[in-house]
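> The lines below spell out each chain.
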Amino acid sequence: DAMVIQNPRYQVTQFGKPVTLSCSQTLNHNVMYWYQQKSSQAPKLLFHYYDKDFNNEADTPDNFQSRRPNTSFCFLDIRSPGLGDAAMYLCATSRDGDSDTEQYFGPGTRLTVT
Amino acid sequence: LAKTTQPISMDSYEGQEVNITCSHNNIATNDYITWYQQFPSQGPRFIIQGYKTKVTNEVASLFIPADRKSSTLSLPRVSLSDTAVYYCLVGVNEKLTFGTGTRLTIIP
Numbered sequence: 001d002a003m004v005i006q007n008p009r010y011q012v013t014q015f016g017k018p019v020t021l022s023c024s025q026t027l028n029h030n031v032m033y034w035y036q037q038k039s040s041q042a043p044k045l046l047f048h049y050y051d052k053d054f055n056n057e058a059d060t061p062d063n064f065q066s067r068r069p070n071t072s073f074c075f076l077d078i079r080s081p082g083l084g085d086a087a088m089y090l091c092a093t094s095r096d097g098d099s100d101t102e103q104y105f106g107p108g109t110r111l112t113v114t
Numbered sequence: 001l002a003k004t005t006q007p008i009s010m011d012s013y014e015g016q017e018v019n020i021t022c023s024h025n026n027i028a029t030n031d032y033i034t035w036y037q038q039f040p041s042q043g044p045r046f047i048i049q050g051y052k053t054k055v056t057n058e059v060a061s062l063f064i065p066a067d068r069k070s071s072t073l074s075l076p077r078v079s080l081s082d083t084a085v086y087y088c089l090v091g092v093n094e095k096l097t098f099g100t101g102t103r104l105t106i107i108p
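Heads up: the sequence lines are chains A and B, in that order.
With the first letter of the first sequence counted as 1, position 2 gets the number 2 in our numbering; the numbers rise by one all the way through.
With the first letter of the second sequence counted as 1, position 40 gets the number 40 in our numbering; the numbers rise by one all the way through.
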């Protein structure tokens, strides 16, 4: 089945130690998104790629970076995780970035910072 | 900063119809309104989408008034498995933004 896969499902990292979360898709969609979702809050868009074009949200901290080496894979790098970065990180894809196209979400990676 | 707002929580008994409203005063002219369902420790899942008037699919209906400043998700005859958080997603200021979310609890 075509899907969005996130690995790992649970990640523990130490304060200040760089961490990378990964996302892959078999949908061949043009757009890949990264969202941060804290407890009892709505998902918050960090950035997205339209093909190779990177689109950063204005309020996304510089501590968060992303890479998309090919259509199928996208990575979220947190350069120096702080305690406040503990959250669920959701990857999503869509055929294009228009509001009338459905976003397909992965199961998320829950990040714990110790 | 304009927010896309929803009631924080709702309770309903099994078999009832549930209506969840999203207020989006600053929705972009050409943008659609999409609703997602999210279970604990899972990513959101698409429910329904519309631009104006009424849309119905096999699981829900979506009502959008003429001014498009709000929308209502209607779930007919809910069951325990409908217990989840429901989000609207709309375009505001050239950015797709999730609503604040509504936690729906179905009571047996």
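Keep in mind the hints are simulated off the structure, nothing from the lab.
Everything numeric in this text was worked out from a predicted model, so none of it was measured.
Honestly, I wouldn't trust all of these hints.
Per label pair, the in silico range of CB-to-CB distance [unchecked claim]:
{"#": "1", "chain 1": "A", "residue 1": "Arg95", "chain 2": "B", "residue 2": "Ala28", "range": "28 to 38 Å"}
{"#": "2", "chain 1": "B", "residue 1": "Val59", "chain 2": "A", "residue 2": "Tyr10", "range": "23 to 33 Å"}
{"#": "3", "chain 1": "A", "residue 1": "Leu83", "chain 2": "B", "residue 2": "Thr56", "range": "42 to 52 Å"}
Covered stretches of chain B (in silico footprint by chain A; criterion: 3 or more residues with CB under 8 Å from a CB of chain A, positions within the stretch not fixed) [claimed, not checked]:
{"#": "4", "region": "10 to 16"}
{"#": "5", "region": "19 to 25"}
{"#": "6", "region": "63 to 75"}
{"#": "7", "region": "86 to 92"}
Heads up, the beta-carbon is just placed ideally off N, CA and C, and yes, glycines get one too.
> State for each hint whether it applies.
To see whether the hints hold, each was checked on the structure:
{"no.": "1", "hint": "A/Arg95 with B/Ala28: 28 to 38 Å", "result": "violated (19 Å)"}
{"no.": "2", "hint": "B/Val59 with A/Tyr10: 23 to 33 Å", "result": "holds (30 Å)"}
{"no.": "3", "hint": "A/Leu83 with B/Thr56: 42 to 52 Å", "result": "holds (45 Å)"}
{"no.": "4", "hint": "10 to 16", "result": "violated (count 0)"}
{"no.": "5", "hint": "19 to 25", "result": "violated (count 0)"}
{"no.": "6", "hint": "63 to 75", "result": "violated (count 0)"}
{"no.": "7", "hint": "86 to 92", "result": "holds (count 4)"}
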